[in-house]
Amino acid sequence: MTNLKILFTVVATLAVFTFVANVIPQVQSAVPEEIVLSADMSPEELASIGEEVYAGVGGCTACHGLGTRAPDLVGVAGSVCAARVPGQSCKDYLWDSLVDPMAYIVDGFQPIMLDQSRTLTQPQLWTLVAYLESQGGEVTVTSDDFAAALAAADAAPAPMLPPAAVDPADIDPVQLVNEQGCLACHALGGEGGMVGPAFEDLIGQDRDYVLRGIVDPNADTAADFAAFAGTMPPTFGDLLSETELDVLVEFFVTGEVPSGGSDGGDGGDE
Amino acid sequence: MRSRETVEGSRAAAWLRRGGWMAIAALAVAVPLLAQAAGPDYGEFGVFGLDRRDAVWIAAQLHLLFAAFVLGVPMFAVVIEAIGIFSKNERYDKLAKEFTRLLLVAYSATAIWGAILVFFLSTLYPRFWGYLTAIFAPSMWLYAALFFFESFTLYLYYYGWDAWKKGASKIVHWGLGIMLNVWGTIVMFIANGWLTYMMSPPPDVTADTVPQTVELWSAINNATWMPINIHRLLANVVFGGAIVGAYAAYRFLTSETDEERAHYDWMGYTGNFIAIGALIVLPFAGYWLGREIYEFSQQMGITMMGGFMSWLWIIQAFLIGILFLAGNYYLWIGMGRIPGAERFQPHIKWMLLVLVLGVIVWATPNTMIADRDEIAAMGGQQHPFLGVLGVMSAKNTAVNLMILTTFLSFLMYRRANKEPVVPWAKAGTMIQGLAFAIAAVVVVFYGVYGYFVTAIVRIGFSVYQVAAVLATILFVIGIDIAMARGAKSRGEIRWGEMPPRSQYALLILAVTFTWLMGLMGFARSGIRQHWHVYEVIRDTSEQAFTPALGPAATMISICVLIFFGLVGMIFWLGGLAEKSVYEETGA
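So the sequences go chain by chain: A and B.
So the first sequence is numbered by the numbering used here: it starts at 318 and just counts up by one.
So the second sequence is numbered by the numbering used here: it starts at 12 and just counts up by one.
Since the hints were derived computationally from the structure, they do not count as laboratory data.
Keep in mind the model is a prediction, meaning the values are calculated, not measured.
For glycine and all other residues, C-beta sits at the position ideal for the given N, C-alpha and C.
Keep in mind that a hint or two might mislead.
[Claimed, not checked] If you want the footprint, here are the derived chain B segments under chain A, 3+ residues with CB under 8 Å:
1. 261-275
2. 322-329
3. 509-520
4. 532-543
[Said to hold, decoys possible] Beyond 10 Å from chain B on every Cβ pair, some chain A residues (computed):
5. 322
6. 327
7. 355
8. 464
9. 498
10. 521
11. 570
Using the sequences and the hints given, assemble the complete structure.
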């Protein structure tokens, strides 16, 4: 009898755990399918691909959905987008938020989002808009929008290729910092964000460490900024030429603008 | 004279031991041979309706559970033996030996399941297995050699117990116990290298990297290797204590004499004490592992905490809530057999209240599953009220208060039958109470303050909360030890006078710990998603998807049920062996 009671205790405990795990929401992680884009896709197809971009290459889930870094979008974005800016349609609002996010920071959240056109193609951006519209609203992205984006992408196949190498003396690191949107997260001369270390804190650091921080930002996250690990896009190694990277690293570790560069322009030390 | 039952038990044990050695020998031959086999990427499996992943899952889970058994229990045995040596109390020595006897069969079970796992991997996942052996073969040979040393040390440790019982030879014997743990720990570290490589391969390894060119040490010393090592080491202590508790409960419930019940009651208390004590520090190793996962891959971290696995942590909170409640319940029942404990009884309901509230807060999900209208009405996936409880500020506060409460239960249990005689006893107790109050205030203050600061500042607050709790535990224990010097006894603990429900609490603790290990194993393995080796070797089989929590839980329960069925057999064999010793001595 005692043995039966023991057996019952074990089985009943396991049954309770199994039951609880089966009644909570069930989400299976499917294998992502290869994304093929074409101009004749339906809004549903666009939204479906946009969902994969959202969770995958777009890296949106690094901040959205955690409830702290950026607003939750799943299930709600499409129902509120049209009311955000008077006179602006949902589609336009979402597109502008992706390519000019600093102008659309929601109250209570930090200005850490980067221009997504730096890392995503125009067709990918449109699929994202379609997906976000589908979250509580109607998809208004049309095949015309998408066909135009595909044509634009074909016409300018490599907009992000690094510019041809130039003389380092011609490159202004402060201007480069501004152009690349670094101040959205890092501070320079007291201006800029606090999501990553201030550039002045890099003075005296190892050059390889600083370079790695630019081209592979997830490799070493400063302890004080662990909460924002993964926020910085790992694309700057592709966006910047080798010469530009050298100039930036030199500027960060020495704190000095090379001769021929900036005289302390926007955001620089006066 | 030995009974027929005893002889059969001994034969079964010997057969299992032989089986273990045969498994190791087969493993040593199979590893290099099977790895060289060329052929399809995947083999077919269709036994009992299980597919190839189910087969590997069951074999790996059972191998791991037995491995945790044979790593956790020796830690327990060697500590208990040391207590026996230094306290000169033979009762501890007897307890340590009793557990080492169980290890003999458990080692064989570990080796047999390990061999089954290797055969499944090499026949069902031949290409992937070939890839792993191409990188890790030397470490696999070392693993087999160390397993031999470990087994031989275990035999020396157990069979030499009575021969090396006195004087310096006892210390040498204890040294064997330490060596047993050292071998076991190295073996675990090596195997951890293989599985963590699958999670977090070195950054320079890509899909095009020829496996023979991957440097062995860089493959082993990957981003998550050491955090997993430490986390598993601590978890094995917890598991060892829980299994000891379950064994004691089983023997207590089936005991026929008061003497036996007293012995197993005491054993159950000791096992539970070690399990809960180690559990308190385990989350810190978990935080470290989580952080390393995030640093290795933000996407993997998001998948783990905020992606499709986010509800897994609600289940984890539910399980840990059961552990805290069952552990405290056992202590509170145990106070019924301690003279003087009745003065603490009125406080128990308040402690229960804190624990229940803590579990509720901890198990509150961060985001709600709702349809689109509900989400729109809430303004997001966070509930306007419950969302406040579903964030780390609330959860950290809850868990720290639960730890403090559990420690208070231990303190009451320890103090129950003691009456301090030091002149500062009253002041000491007040200082202890003050320390508890300060820790609680610090925990609550930073918990509330966390809502008004940015995330990066808030994360730092958890350090202050944990530091306050740990400092209080150390400070209060220090005072208590000093206060207990020369204390008068209010009466001896009446070991054995425990209601059976207390022992069922110990069984539930052991089952819950074991199931939790299965769940966390699923989390660790599942975050690789459709990759054998994350972003290097893609899983192209039909089972490449990662199952939802429900099917995963069913599989975990099947594994835990098989495990406890086999452990029950080991316990039964342990009982037979003890009976044979008793009967031979009696004859």
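Give me the numbers of the hints this structure contradicts, sorted from smallest to largest. Those not satisfied are hints 5 and 6.
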